[in-house]
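Residue numbers (the working numbering), protein chains in the order written: chain A, 1 to 104; chain B, 105 to 325; chain C, 326 to 915.
Treat the hints with care, as some may be off.
[Said to hold, decoys possible] Calculated pairs, DSS-like style, for lysine-lysine (alpha carbon to alpha carbon, straight line, at most 27 Å):
#1 C/K693 / C/K623
#2 C/K836 / C/K761
#3 B/K114 / A/K14
#4 B/K114 / C/K529
#5 C/K529 / A/K70
#6 C/K622 / C/K839
#7 C/K693 / C/K761
#8 C/K622 / C/K693
#9 C/K693 / C/K839
[As the list claims (entries may be wrong)] Looking from chain A toward chain B, a few residues come up when the C-beta cut is under 10 Å (computed):
#10 G20
#11 T27
#12 V31
#13 S40
#14 K54
#15 Y66
#16 F82
#17 L95
Hint data in this document are derived by calculation from the structure and do not stem from the laboratory. A virtual CB, placed ideally from N, CA and C, is assigned to each residue, including glycine.
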Amino acid sequence: MMSEHHGHHIASAKQLWGIGIALLILTVLTVTVAGLGLPSPFDILTAMAIALTKAFLVAAFFMGLYWDTKFNSMLLIGALAFFILMVSITLLDTLYRDDIVPSF
Amino acid sequence: MANHSATHPKHVHHHFVDSNQQFESAKLGMWVFLVNEILFFGGLFCAYIVFRAWYPELFTQAALELNTFWGAVNTVVLIGSSLTVAMAIRSAQNNQKRGLEINLLITILLACVFLVIKYFEYEHKLHLGIAPGSFWNPTPEIAAVLDHPKANIFFGIYYMMTAVHGLHVIIGIALMIWLYLRARKGHFNSEYYTPVEITGLYWHLVDLIWIFLFPLLYLIE
Amino acid sequence: MASLSKAVNTVQMTPKKLKVKRFVPLENPTNTYLTDEKGIWAWLTTVDHKKIGLMYLGAVAFFFALAGFLAIALRTELWTPAKTFIEADTYNQLFTLHGAMMVFFVLVPSIPAALGNFILPMQLGAKDVAFPRLNLASFYIYAFGAIFTFLSLANNGFDTGWTFYTPYSSDTNSAGIIWVTLGVFILGFSSILTGTNFITTIHKLRAPGISWDRLPLNVWALYATSIIQVLATPVLAITILLLAMENILDIGIFDPALGGDPVLYQHFFWFYSHPAVYIMIVPGFGIISEVITTFSKKTIFGYWAIALSSLAIAFIGFLVWGHHMFTSGQSAVATTIFSFLTFLVGIPTGIKIFNWVATLYRGSILMKTPMIYVFIFIFLFSIGGFTGIMLGALSVDIHLHDTYYVVAHFHYVMMGGTLIALLAGLHYWWPKMTGKMYNEPLAKFAAVLIFVGFNVTFLPQFIMGAQGMPRRYYNYIDQFTPFHQTSTIGSYILAVGFLVILFYLAHSLIKGQKAGPNPWNSRGLEWQSTSPPDFHNFSHTPVVIHGPYDYHQPMEEFQLGLAVDHEYGDEQDEVAAEAHASLDTETTEA
């Protein structure tokens, strides 16, 4: 009956707990790094790098993208790409204005 | 063809060929919906980035008013709930009715803990007059530390982001309760657990959003 | 015929061999989706995509009539330079109502949710869309949202125009804004659900043999549309939510009085609303591709060029929103880049026009009503497109911004494009949807009325716009009087044209001749079912072995279905299917 089993991958309890613990460690790490007070661009960069790693772990293993059809991953990446598009084009305006809010 | 034949399992709707097609469709549909969710929050993140690029010093000052400890606790709570949802799906896949119920209950509990902590954070801030936009009316002590003219905007963004996220948590709790009731009636098994799977995807997204909200709002030193 | 069905008896479809047989659609079906369940309750609770499509069509037609009526009132008011018969405040509210209704109630759902809902699963050989209950929910959300928005627009006297620009919308009439934005928020949900449903349906519910290169171009267009709906609509939702919060809580993100940035609102709004114009027009492109091949009896020229240009338009549509904001105070850098990117949209659109015209070349053209609308579309839409390119040019736009030139441009695109395509599709698929033919001479007459009325209405607006007549103005200087009066007369001709359509379509429902399954001799899969179709669209599972426009292949090879339904894989069912099929053939050939 259920011949094609892609999408029905069953993750082992060990795997899931491993990911959970890794996420916990990364949370502790990001709080610690924030406490160090790195200079300006690096604090946000490390924080985002750690957040992206966490997001990757959640998406790949908790959400099962690692075992899933590629198209679902494409959807996630596509959504992020369009979000980046939106932000970067908006910044083309907001970063290059003469006055931030004209007349104010 | 309108009737289910003997080989067509009961949970498969008439317009699908088989159970697998239905499952894959539901999952794809949920992923497309998550694309929606990402761009929905994307608008808020965009506003955040635009204002942060304009007033970096404001964000550094204002973040000091947010309690990093409770933010971190909430992060851990949400990660835990993501884990239990993943475990719930695993239980359903293995026909473990009891495990499914317990995992769903823990998830609901953790989501409630998240909301309670959030509530106390809100309450504390509003008590100090840290309110969005025109309701911005900080106590003198706060105003002395946070004297930026656009401080109200930061909290406008803060409240919108966390409130919209909180709304998603509430919707998630409602969905989990619905799943729990169905699980108790024995609706789910290894052949059919689609609602558990796609609600799980939704819940992980709520977690994903928070993974970004936490460093962006709380961890600016 | 017997030898033929032997020849195609088994079709090699990688990886498996399918046993197929020919299913000729019945001339006079006894059991159709219209007779399947009766009564108003069965309609209101149906999950059948065809009935939901028709309910959408009815609702869209109703709101179109209402908003069209407002347009007539506006044009009548503009007959004289000063007051004709309505007050200035009422005038402001009426044009807001006209714009908001036409955009959110009519144009956005018109083709995808009404015609698309009906046709898409049939073109895929599916029994329904992937999530039928969600489909019904999306209709009710639409109906509720539309009524809600309409009542709040009508009650609160809302006059910001359909774009709700801040700070006007954050500083005036808060109650009105809150309700309207809530209504638009609800409408957005309906659009999102339709898009989600269509993407899943196209990916997962294609009949055996419909590979991506055999997808009808209408499906490609709806696919591109759904992608835009899914990516852009949530941004409208959050924008509208922020605007509502701006009014409820004064959060200050957009309100300059509180330190926010009103131009940011415009960015957010147009991040949705510019792609949204492609939500409106791209499905129209799909209809044109279908109709033009059927009535040229010829394979489409440049299948992939047309299919991929839909996706290209969807993508480029997300890069150009700032051309609505050339005079808003956005940075010079952004303005220049937006102007440049805007020209890019012309490329995929031009590709489509050229391919359609090339399809006509040496085709055996049949001038039926849908085809007449296709020609009207190409003519009007080209004018709309070219004037759009002119507006995308930075310096020209500074002169033309917010004049009647812009009004004329988007009416040429939206009405001359989307609505004319909708009319083409409506006439094309009318026999399929109802099983009845309409009065052809009368339909042609109406098409001519609409073409003439449309141009008389909107051509003068280009001229007055170029001469400096601003849009949305209640009064104007005397020199514009002749243009305004010509335009008003044109709008009356248009209205008569629509009334004629209403008359003969109603007449067709009651007394129309039977259409038969395939009155246009199309190769499209939706025409290989009975008219009107059976509840499950087909009495069999269709199998497709040719492209949708392969007019050089015999009709017989487009009427194949699984001899054994793969879900009923046992011996008994095979016999049953066989008996059913031979019955079909006998009745039609008798």
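Against the structure, the hints:
no. : hint            : in the structure
1   : C/K693 / C/K623 : holds, 16 Å
2   : C/K836 / C/K761 : holds, 8 Å
3   : B/K114 / A/K14  : violated, 33 Å
4   : B/K114 / C/K529 : holds, 20 Å
5   : C/K529 / A/K70  : holds, 14 Å
6   : C/K622 / C/K839 : holds, 23 Å
7   : C/K693 / C/K761 : holds, 15 Å
8   : C/K622 / C/K693 : holds, 13 Å
9   : C/K693 / C/K839 : holds, 17 Å
10  : G20             : holds, 4 Å
11  : T27             : holds, 5 Å
12  : V31             : holds, 5 Å
13  : S40             : holds, 8 Å
14  : K54             : holds, 5 Å
15  : Y66             : violated, 12 Å
16  : F82             : holds, 6 Å
17  : L95             : holds, 6 Å
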